[in-house]
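Student: Each chain, letter by letter, is given below.
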Amino acid sequence: MDSRAILAEMPRLRRYARAMLGDRAAADDLVQDTLERAWSRFAQWRAGSDLRAWLFGIMHNLRVDQLRRGVLPTHALDDDTCEVPTRPTQSDRLEVMDLESALRQLPDEQREVLLLVALEEMTYAEIAVALAIPIGTVMSRLSRGRERLRLIMEGRQTLRVVR
Amino acid sequence: MSPLNISEDELHAYVDDVLAPPRRAEIEAWLAESPEDAERVRAYQRQNQALKALFNPLLAEPLPEKLQALAVQALNAPGVENLAGDALGAPSLFSRWSLQRIAAGLLIAVFGGVAGWLGHGQYQSAERLAQTVPLSRQAAVAHVVYSPDARRPVEVAADQEEALVKWLSKRLGSPVSPPKLGAQGYELVGGRLLPGNAGPVAQFMYQDASGQRMTLYVTTENANKPETGFRFAREGEVNVFYWIDGKFGYALSAGIAKGELAKVATAVYDQLEAKK
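First to last, the sequence lines map onto chains W and U. The opening position of the first sequence corresponds to residue 1 in the working numbering, with each subsequent residue numbered one higher. The opening position of the second sequence corresponds to residue 1 in the working numbering, with each subsequent residue numbered one higher.
Wrong hints could be hidden among the right ones.
Simulated coverage check for chain W against chain U, where a stretch passes if three residues somewhere in it have a Cβ under 8 Å from a Cβ of chain U [unchecked claim]:
#1 30-36
#2 52-65
#3 105-112
#4 115-124
Quick caveat, the hints were computed from the structure, so don't treat them as lab data. Even glycine gets a Cβ: it sits at the ideal position worked out from N, Cα and C.
The whole structure should be built from the sequences, with the hints applied where relevant.
Tutor: The following block contains the structure:
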């Protein structure tokens, strides 16, 4: 285990940060801060424990700090910022855009748990450790997040039919 | 609640496929009888799939420049191989990054504060940045960086003026010397060598009786540029008069009123003309 193990997590950290924040530049800033903090605290990582959960925990704490300060980073838009990765067809793109904006409407703590489950495929127990919350809280946030996302998406579909 | 005592938590565990097979089969059988819950569970499963489809392409995306640079630094850092076992290695590695980040941040903050183009500058490569910095702005940045420094405003102080002139002339490849501005109330503090767009530039610093500082920025990189008369620029709190004369570019910067600065700039110009 050396720093390469941390670097190997970089793509996953980026994917999660991007899904969490929506904004590419802000997400990459968060990943950078996370890596720097991880290196500075590497001594605190207990060998044998889950490196990924530890890293996501660091990212979570940084994000909480950001929100607490009430200062969200702002960035100039470049051409790439607005690109959303998509599968080929036009209708797919609409659905994908829909999902992303629906995701934005979830409260932070619900979106966070949902993404750790769906994207990272972390166990509920790992998430509880990473976020330093009881597992019951993980479950209730997951439950509320999923249901809310479902209702938002279904609401959209209904609207579309009416139109 | 179902007769099987299926909890909401278990439904989610079913969605995420983390149940033991026997329990999974039980819940599957129950869902077959409960169309509403079954639809809800399918919707959650579709969420998982759709989120992966949406964000997984990011895994294959090349890392942006700054993260790549971070990775390269990490891998090239001495002692990186034993970082895990070496608790002392991590802080030193970190502090090096911190310093670099702080330095980069400072530079950007100075540019931002002076010129208000912070957001723009962050996304340009260093090379492009340097190419696009006009004389007045370079001079103003150098002014705000060095003039507030109480203890080390210059590299070579005025009491070694001869050495200063010799050194800077040698480094710039052309004779440069600080004008005498005593008549305008400004005495030479000293000077320093700075990096310009493509090579060395000189900065002379002056100070009046009240401690107000003024800097004269001298470049020799202007061979291809047309000569200009006096130009004035306001960069944040700093007023700058600048002009190009042959290959020389001069910029006089201070946080004083335009009219007052103009008088000194005229004196500088006259002295330089007289020397020709």
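Student: Hints first: check each against the structure and report whether it holds.
Tutor: These are the hints, each one checked on the structure:
1. 30-36: holds (count 4)
2. 52-65: violated (count 0)
3. 105-112: Contact hint for the segment 105-112 of chain W vs chain U: violated, 0 residues under 8 Å.
4. 115-124: holds (count 7)
Taken one by one, the earlier hints fail for this structure at numbers 2 and 3, listed in ascending order.
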